[in-house]
Amino acid sequence: MTAVPNRFTRFVERTDDRMNPVVVRDLRQAVTGRQLSSVLILFLLVQLMLFGLMAFSQNVDELRGGRSVFGGLCMVLVITTVLVMPIIAASRFSFERSKEDMDLLLVTTLSARRVLWGKINAAMLATLMIFGAFTPFLSLTYLMRGIDLPTIFATLVGVAIMSYVCTIYAVSVACCGRNIITRFFAGVFMLGGVMIGMGMTIGFCGAMAIRGVSVLVDAGFWAATFMIGMFTFMVVVAAYAVGLDSLRPSGVRRTASEHMAYKQRQAYQRRRAAKALVSPEAETAMRMSDRVALDMELEPATVQMLREQGVSPDDQPPPTPATPADESDAAPNAPQQRYEGTPHRA
Amino acid sequence: MKVEVINLRRHFGRTRAVDGVTFSFESGQVFGFVGPNGAGKTTTMRILATLDEPTAGNAYIDGYSVVENPERARKRIGYMPDNLPTHRDISVHEYLEFFARAYGIHNPHRRKVVESVEEFTNLIGIREKMLVALSKGMKQRVSLARALIHDPPLLIMDEPAAGLDPRARIELRELLKVLAREQKKAVLISSHILTELAEICDGAVIIEKGRILRAGTLEHIMHGDGGAKHRTMIIRPARDVEVLAKAMLEMPHVEDARIVGEHVEADVSGDAETCCDLLAELLKREFRILEFKQRQADLEQVFMSLTTGEVQ
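Chains as they are written, first to last, in the numbering used here: chain R, 1 to 346; chain U, 1 to 312.
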């Protein structure tokens with residue numbers, strides 16, 4: 001008898017462990033916080049008000065009141081889920097990035113990609129709550145006639161997809177920019193993109209409300225959707241790539257050119273140290289070289305040269321500590337004092 | 001576990017925030033990082049924590065480069081910034097649990113880890129409190145707990161004692177001692193409160209304008225290269241302070257002797273052996289000595305004499 005709850009508990013724990021930590025935390029914060037509940041209550045009130053106004057102003061004899069009410073409600077749903085929720089998610093993330101919180105997140109074993117998707121999915125799950133609140137009103141529009149269930153379902157799927165796309169775009173753009181100017185431009189881009197997304201979704205909802213699911217068998221509709229979809233896809237992918245790159249900690253953020261420059265600097269230091277080993281001023285030069293030089297891997301030619309001179313490549317003189325007084329006169333690359341640590345205390 | 005910082009450089013345009021910093025320390029040591037504001041302490045610590053990249057040079061944590069292998073290095077680091085970001089709508093326990101998840105610690109181990117860390121940092125009583133409602137001292141405790149959640153061998157602490165009251169400071173100091181001495185963690189700590197550092201650190205680096213001014217054990221930092229050449233000894237006799245002062249002036253290696261209250265302060269040229277000989281000589285001459293000690297140089301004085309306070 002005890003095996004069942006144990007197995008169930010294990011399953012729950014395993015599922016819990018697999019969840020993205022960012023999603024868990026953000027959802028907990030969203031549920032206990034005021035922002036989401038305020039949006040939800042406001043959404044419900046507007047829906048209720050709109051529903052009441054439109055329902056009682058319809059001519060019941062036409063038997064098509066449901067379609068008008070559905071159109072009005074869709075407007076509210078689109079504004080909330082495609083515009084307001086992505087903007088809230090993006091602004092929260094942008095605010096979080098401006099503090100040290102993101103640093104703390106990035107020194108964990110979580111990858112930047114997981115952090116970003118965690119933010120996106122947490123925002124989307126909160127948006128799904130809005131969709132949940134919309135369901136009772138939908139059933140009422142169906143009962144009012146003038147709209148069929150496939151149209152309602154197809155519209156909801158379309159709005160949900162656009163909401164997800166806009167959330168990905170808005171949260172990705174919110175990652176960009178480190179100073180106030182770039183953040184301002186990122187904000188403008190984000191707002192512009194989300195507004196365009198909202199416009200497209202309203203167009204889709206309008207077409208669905210007027211023509212119903214028959215619009216889905218129209219070749220012209222699919223051609224336009226394909227063109228717009230491709231453009232949207234490219235914009236969102238670009239925003240995602242830039243956002244992810246901005247979010248990554250520096251160690252992984254290095255671009256190809258930066259990486260090349262870093263490698264060249266390291267190689268230069270090694271060459272300089274190798275020269276110091278074989279030149280007559282070896283000792284002096286070595287004192288001027290740094291610890292990196294001592295860790296170098298010598299090139300075969302250098303090793304051969306050293307052997308010809310009777311010097312073992314492993315015989316490297318230790319760096320001489322420089323006193324602070326010396327350092328003011330020393331070359332820019334003069335060595336610093338090196339502390340080797342003290343034995344452990346008992 | 002050894003931490004090595006090798007010829008580290010970080011330039012922001014023409015500003016050399018970190019300019020050829022080299023030092024190392026290992027498990028069981030508390031290592032201080034001292035310098036005026038804008039000296040490059042935080043930049044160095046951020047590079048060590050894999051949050052920034054060096055322009056040149058490298059740093060190794062347990063053999064893993066923070067540049068080439070940041071993912072592996074990160075697992076060995078507990079980073080504690082100077083202040084805990086204030087989160088709304090999240091409790092202390094939820095916050096720590098979140099970071100345990102972020103470090104990939106699974107249940108039921110996660111529950112135990114979070115509880116043990118809360119117990120170690122004395123957070124059990126406030127675990128259900130919201131983070132925003134905590135005092136500065138409590139926030140620092142939470143920050144320390146967060147840094148310890150994955151049991152890292154290296155702790156990087158940026159100004160952990162800033163803004164803490166004396167009690168919280170002493171508690172933090174005791175925690176650090178336990179972490180270093182008993183749990184054998186390497187601790188890199190930056191602080192402006194030099195008296196605090198002097199009490200807990202095994203070694204330190206004094207840095208200004210991105211360059212190391214002095215590095216080594218505290219003894220080395222306070223007395224310079226090759227140990228002290230001149231020491232001030234404080235000798236407290238049972239009686240006859242004036243006779244003792246006079247006798248000391250006649251002894252070899254004693255450059256000066258003066259009476260300060262019930263003590264005699266003597267400037268001695270020489271090393272520890274010379275001081276031992278001096279004490280032996282005093283006892284031989286049948287002086288009754290109650291106290292014989294060396295006056296410790298003040299880390300603050302050393303810091304003031306080494307640094308100019310200029311920023312780049």
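No lab work stands behind these hints, which were simulated from the structure alone. Watch out, some of these pointers could steer you wrong.
Think about it this way: if two alpha-carbon atoms lie no more than 30 Å apart in a straight line, the pair counts; the simulated DSBU-like pairs of lysine-lysine are [said to hold, decoys possible]:
hint : chain 1 : residue 1 : chain 2 : residue 2
1    : U       : Lys2      : U       : Lys284
2    : U       : Lys129    : U       : Lys139
3    : U       : Lys177    : U       : Lys284
4    : U       : Lys209    : U       : Lys246
5    : R       : Lys263    : U       : Lys139
6    : U       : Lys184    : U       : Lys246
7    : R       : Lys263    : U       : Lys209
8    : U       : Lys139    : U       : Lys75
9    : R       : Lys263    : U       : Lys293
Evaluated hints:
{"no.": "1", "hint": "U:Lys2 - U:Lys284", "in the structure": "47 Å, violated"}
{"no.": "2", "hint": "U:Lys129 - U:Lys139", "in the structure": "11 Å, holds"}
{"no.": "3", "hint": "U:Lys177 - U:Lys284", "in the structure": "41 Å, violated"}
{"no.": "4", "hint": "U:Lys209 - U:Lys246", "in the structure": "47 Å, violated"}
{"no.": "5", "hint": "R:Lys263 - U:Lys139", "in the structure": "40 Å, violated"}
{"no.": "6", "hint": "U:Lys184 - U:Lys246", "in the structure": "49 Å, violated"}
{"no.": "7", "hint": "R:Lys263 - U:Lys209", "in the structure": "25 Å, holds"}
{"no.": "8", "hint": "U:Lys139 - U:Lys75", "in the structure": "23 Å, holds"}
{"no.": "9", "hint": "R:Lys263 - U:Lys293", "in the structure": "53 Å, violated"}
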